[in-house]
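Keeping their order, the protein sequence lines are chains A and B. Heads up, the first sequence is in our numbering, so the first residue is 1 and it goes up one at a time. Heads up, the second sequence is in our numbering, so the first residue is 1 and it goes up one at a time.
Where hints are given, some of them may not hold.
Pairs involving identical chains hold if they fit within one copy or between any two copies, as the list cannot separate such chains.
Stated by the list, open to error - Here are the simulated DSSO-like pairs of lysine-lysine, each with C-alpha atoms no more than 30 Å apart in a straight line:
id, residue 1, residue 2
1, K9, K326
2, K37, K201
3, K299, K57
4, K205, K94
5, K229, K94
6, K9, K94
7, K113, K299
8, K88, K183
9, K141, K57
10, K324, K12
11, K88, K299
Note that these hints are calculated values from the structure, not bench results.
Number of protein chains: 2
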Amino acid sequence: MVTQSDIAKLAKVDRTSVSKILCGAQLEHFSDDVVEKVKSFAIRLGYKHRHFKNALKLGFLFPVGMDEALDGYTYAERTMAALLGASKVLEGSKHSLQIVNINYSNRTFDFDKVANTADVFIIWELTWEWADRFYAILKEKQKDFVVINRVSASFKDSYIIHESDEVYIKSAIDIFCKYGHSKIAGVFNDVEKTGRLSAMKEAFKQKGLEHSAQNVFSFHERDADGCRKTARLIAERGFTAVFVQSNDMNALDLVIELGKLGLRVPEDISVLGNHKKRSLPSLGLDLSSFETPWYEMGKRAAEFLIAGYSQSDCSKRITHEVLKQKFYEGNTIRGLSR
Amino acid sequence: MVTQSDIAKLAKVDRTSVSKILCGAQLEHFSDDVVEKVKSFAIRLGYKHRHFKNALKLGFLFPVGMDEALDGYTYAERTMAALLGASKVLEGSKHSLQIVNINYSNRTFDFDKVANTADVFIIWELTWEWADRFYAILKEKQKDFVVINRVSASFKDSYIIHESDEVYIKSAIDIFCKYGHSKIAGVFNDVEKTGRLSAMKEAFKQKGLEHSAQNVFSFHERDADGCRKTARLIAERGFTAVFVQSNDMNALDLVIELGKLGLRVPEDISVLGNHKKRSLPSLGLDLSSFETPWYEMGKRAAEFLIAGYSQSDCSKRITHEVLKQKFYEGNTIRGLSR
Chain A
1 MVTQSDIAKL AKVDRTSVSK ILCGAQLEHF SDDVVEKVKS FAIRLGYKHR HFKNALKLGF
61 LFPVGMDEAL DGYTYAERTM AALLGASKVL EGSKHSLQIV NINYSNRTFD FDKVANTADV
121 FIIWELTWEW ADRFYAILKE KQKDFVVINR VSASFKDSYI IHESDEVYIK SAIDIFCKYG
181 HSKIAGVFND VEKTGRLSAM KEAFKQKGLE HSAQNVFSFH ERDADGCRKT ARLIAERGFT
241 AVFVQSNDMN ALDLVIELGK LGLRVPEDIS VLGNHKKRSL PSLGLDLSSF ETPWYEMGKR
301 AAEFLIAGYS QSDCSKRITH EVLKQKFYEG NTIRGLSR
Chain B
1 MVTQSDIAKL AKVDRTSVSK ILCGAQLEHF SDDVVEKVKS FAIRLGYKHR HFKNALKLGF
61 LFPVGMDEAL DGYTYAERTM AALLGASKVL EGSKHSLQIV NINYSNRTFD FDKVANTADV
121 FIIWELTWEW ADRFYAILKE KQKDFVVINR VSASFKDSYI IHESDEVYIK SAIDIFCKYG
181 HSKIAGVFND VEKTGRLSAM KEAFKQKGLE HSAQNVFSFH ERDADGCRKT ARLIAERGFT
241 AVFVQSNDMN ALDLVIELGK LGLRVPEDIS VLGNHKKRSL PSLGLDLSSF ETPWYEMGKR
301 AAEFLIAGYS QSDCSKRITH EVLKQKFYEG NTIRGLSR
């Protein structure tokens, strides 16, 4: 049986302080370091204290600065959706939320400080190699975490993600084939990403379709020239169907560029987007796309972390969940007679 | 000097319970009603307890359901921005955040229950008449609140909002006049809203320009026909400049419809949007617009509420702040030689 005195000894504070800290009382009398140390030892020793376990601070860690959050096509939507999912779980509970907004591109944030901002973490797609240091710190502190949205194939810790690019590619090609298309192009923001090219090859092969570098295009969200060039090549090469893996707004950009070349959607070419967002009414179309379960990800991640927190050793719990994207049938895919 | 016994007497619980509740300790032993009652009496009596005052739960109440949050053009961006502003203030503090998402259109939410979800509230634009009941409940419970984004002219409680439509209209007309335009149209999603028409008249009059119903157009975000009709009338009536008050995505819709009629932006017609969002690269333009200080609103609201909470009587504090929108100069306004 672990006692508060055991924790006090390890943390080098008196027992009354341990009691107050674990009760969440008079916290203003203690430095953040001391609070952190006491909580950390309490978890490590498996100390059971109902109130402490009930007063969970759930950190929602996500990338991008304010400017980008407002500016990117879907950053705000996806983050809001996941946040709402997590909040739904916290509603009416004693738990609280801490939004932790880090500009990942800096790579210079104070891992230790960030790890101290919450008891457990929902982490948006922090899957770069340099982030391993952060995960090591979380584990050292025995703080449970779940990465959501996407992870690399080698990622071993807990994650709740949407289906992979490979699944999207296969689904897109399946759908187009079902509608009688065989001249299919794929558009990415970054085709070099692991698995995309080979997924294209594999999916084409399964359908008995010929695949080459001619089928694959890429341009980044703000690259007007790249989008224009892609539209021109798609027109020249006579594709009847194109899927845009990056997102719906990129797909709309492509639709506009195709329109400038006289190609109408879906009469001349069918288009399938990704990460459903509503279309511009002026384009006169309702983009067919896939809906991404961001709300559900946030919700399940929060549920997992809260469930784990009531157990004595949360560090050994691992979850690997892959949530399905859902096909949204708009009016931008035309059936070809065969 | 108010004591815990005074509170215990009023709340009809024992003194130890009052102590625990105000310390935030062992809260799981008490029903939400009891916790709420004790806290409420403590505030009403002006009881000073450092920890209690330090453990502030800040509710962020905003409208729209999940679907709309993802679907509307700027709902997610503006909400994220305000949330990030509020979170910034909470960072590293003992305070916590509670996102409270209500579908306002239902008008049926349980006001009392919502009021109990947090100690103080940042409220997104809840300024309809039926909402007065909610404000009355918050006041009764002596819970401080700030309404952000917009309020009606008659709203007397605390608000931190962006400049009014009237200011936007005047600024837009000022900018166009500075560039030598005199044939100016205004586009709204709802022109009937108080003050918009008279603000148009007034601003035109100040510049010595003629104003009539011919200058004013309106269509809603999803109304493709309305947008098309507006574009046609703008072309027919020979305007050289148009501002779109509703938002930048509506402005882009209008740009696309004008393009179908052969009108190029800014060569043939200048366009000014609102609530800056980046343009579609495929349109080959960087929309001139106004940036709305949503982040700043959330930040200041949280600062105000936290500052007030450390005082004994927060119910009498009122703030009325109007934050400026900032002109963003893109490339969609052309100077006319006079």
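Cross-check of the supplied hints:
1. K9 to K326: Answer is neither: 54 Å inside a copy and 57 Å across each miss the 30 Å cutoff.
2. K37 to K201: Result: close neither inside a copy nor across copies, 52 Å intra and 65 Å inter.
3. K299 to K57: both (15 Å within a copy, 21 Å between copies)
4. K205 to K94: Cα proximity of K205 and K94: none, with 53 Å in one copy and 57 Å across.
5. K229 to K94: neither (54 Å within a copy, 53 Å between copies)
6. K9 to K94: both (29 Å within a copy, 25 Å between copies)
7. K113 to K299: Close inside one copy (25 Å) and across copies (22 Å); limit 30 Å.
8. K88 to K183: Neither, since 44 Å and 50 Å both go past 30 Å.
9. K141 to K57: Intra 15 Å, inter 26 Å, cutoff 30 Å: intra and inter.
10. K324 to K12: Neither way: K324 and K12 sit 49 Å apart in one copy and 52 Å across, limit 30 Å.
11. K88 to K299: This pair counts as both: shortest intra-copy Cα distance 7 Å, inter-copy 23 Å.
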